[in-house]
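All chains should be modelled from the sequences, with the hints used to inform the complete structure.
Listed here are the chains, written in short residue letters.
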Amino acid sequence: MRLGSQMKPAMRASAIGHAEFPIWGGKAIVSASERSGLAAALTQVKRTLGAFDVACSSFREDSELAVLNASAGEPVVVSGLLFAAIREAVRAARLTGGAVDPTVGQALIAHGINPPMNDRPVRIESVPGYEAIGLDDAEHRIRVAVGVRLDLGATAKALAADMAALAASSAAGCGVLVGLCGDIAVAGDPPEEGWTVRVTDDHRHGERAGQTVAIRTGGLATSSVTVRRGAHMGEAVHHLIDPATGQPAGGPWRTVSVTAPSCADANTASTAAIVMGNSARAWLEQHTFPARLVGHDGSVYYTSGWPQTGDEL
Amino acid sequence: MRRVARTRRVAIGGVVATTCGLALFIESSATGHTSGSTTLASAASSSSGSSTSTGSSSDSTSGYNDSSSASFGGGTAPTSSSGQSTAVSGGS
Numbered sequence: 004m005r006l007g008s009q010m011k012p013a014m015r016a017s018a019i020g021h022a023e024f025p026i027w028g029g030k031a032i033v034s035a036s037e038r039s040g041l042a043a044a045l046t047q048v049k050r051t052l053g054a055f056d057v058a059c060s061s062f063r064e065d066s067e068l069a070v071l072n073a074s075a076g077e078p079v080v081v082s083g084l085l086f087a088a089i090r091e092a093v094r095a096a097r098l099t100g101g102a103v104d105p106t107v108g109q110a111l112i113a114h115g116i117n118p119p120m121n122d123r124p125v126r127i128e129s130v131p132g133y134e135a136i137g138l139d140d141a142e143h144r145i146r147v148a149v150g151v152r153l154d155l156g157a158t159a160k161a162l163a164a165d166m167a168a169l170a171a172s173s174a175a176g177c178g179v180l181v182g183l184c185g186d187i188a189v190a191g192d193p194p195e196e197g198w199t200v201r202v203t204d205d206h207r208h209g210e211r212a213g214q215t216v217a218i219r220t221g222g223l224a225t226s227s228v229t230v231r232r233g234a235h236m237g238e239a240v241h242h243l244i245d246p247a248t249g250q251p252a253g254g255p256w257r258t259v260s261v262t263a264p265s266c267a268d269a270n271t272a273s274t275a276a277i278v279m280g281n282s283a284r285a286w287l288e289q290h291t292f293p294a295r296l297v298g299h300d301g302s303v304y305y306t307s308g309w310p311q312t313g314d315e316l
Numbered sequence: 008m009r010r011v012a013r014t015r016r017v018a019i020g021g022v023v024a025t026t027c028g029l030a031l032f033i034e035s036s037a038t039g040h041t042s043g044s045t046t047l048a049s050a051a052s053s054s055s056g057s058s059t060s061t062g063s064s065s066d067s068t069s070g071y072n073d074s075s076s077a078s079f080g081g082g083t084a085p086t087s088s089s090g091q092s093t094a095v096s097g098g099s
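Protein chains in written order, with our numbering: chain G, 4 to 316; chain Z, 8 to 99.
Hints may contain errors.
In silico SDA-like cross-links for lysine to any residue, where the CA-CA straight-line distance does not exceed 20 angstroms [claimed, not checked]:
id, chain 1, residue 1, chain 2, residue 2
1, G, K30, G, H241
2, G, K30, G, S60
3, G, K49, G, H21
4, G, K30, Z, S92
5, G, K30, G, T46
6, G, K30, Z, A84
No lab work stands behind these hints: they were computed from the structure.
In structure tokens:
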């Protein structure tokens, strides 16, 4: 692996190579700090995303996760990738006091956000919680309690961005940014001015009001309730489930953006902030997460050094 | 425990990342001979095996190594920028 110290000096923005392609209902972005590295970076990113799709998707019946969910109650040995993704999801649940929890699968189906995998009816109720998951690190064996359905949407996409960025940067020999449906991870030496990222409500609409910032390491993730993906009782709903109620999260925030040493942690924190509601600002400050929180009324708050200049709200 | 097949793990990416203290692998798999445990990588493509439980796992997360939790938080704040954005971070 080529490390940062062995790479060429940071390049100007004009030398950046850039590509986009659709992924998981949104957009993937791959940028390389040296245009010549883009092809190698793209290959690694697509390989990583393909592996994640096979292992972790809730939207295909042949994924490893779908088979694990169908085997609830039985200990099952899984691939290293699915095990790592579930372990990351359990870690997120522990660190957020259950605000971000992978056992929301039934609730997501009940709200029409995820597709049903069988004809069984599902009820909307508080989710079982991550303690319903048994993990055996030595054997990569997982047991999910009967009646529990896992969904890794809150963490696996960000983990995929982290892994893809690292693999792509190593292969390309330069700095790489990977954006997956708005979850941003960077690796290697950044461009001289850093990676400039537009922060707004919807990753498909960067022209909307927001803020442009620059990052050099780690990840930047945004969670928002403004994007509607499901429908329940004839009403469009967003996809961020409050595990305590099994309902789409309420609270004062419409959009929260967070930077962290990894995209996985940034996304865990931004999702948790939406779910935590009024207590989110104190929680983010406690963990020294730089964050931008936008209220439903358009008011904006910042934590832990997030820049306050240049914000259009 | 369901008895389906043994997975032959083939590293296609090798060790591609160390994130949050976890050594992560990307694997592909191929179905091999029957053994004593279910492997989802193979079960995902062929899920016709019968099931029995050995009770070798529990519902607790006591085996979970959460040593990486100590590093949660402490991100570097972004800087304000007026340049053309490379990417957009927003809801999905």
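Against the structure, the hints come out as follows:
{"no.": "1", "hint": "G:K30 with G:H241", "verdict": "18 angstroms, holds"}
{"no.": "2", "hint": "G:K30 with G:S60", "verdict": "16 angstroms, holds"}
{"no.": "3", "hint": "G:K49 with G:H21", "verdict": "14 angstroms, holds"}
{"no.": "4", "hint": "G:K30 with Z:S92", "verdict": "15 angstroms, holds"}
{"no.": "5", "hint": "G:K30 with G:T46", "verdict": "16 angstroms, holds"}
{"no.": "6", "hint": "G:K30 with Z:A84", "verdict": "25 angstroms, violated"}
In terms of the numbered hints stated before, the structure departs from hint 6 and from no other.
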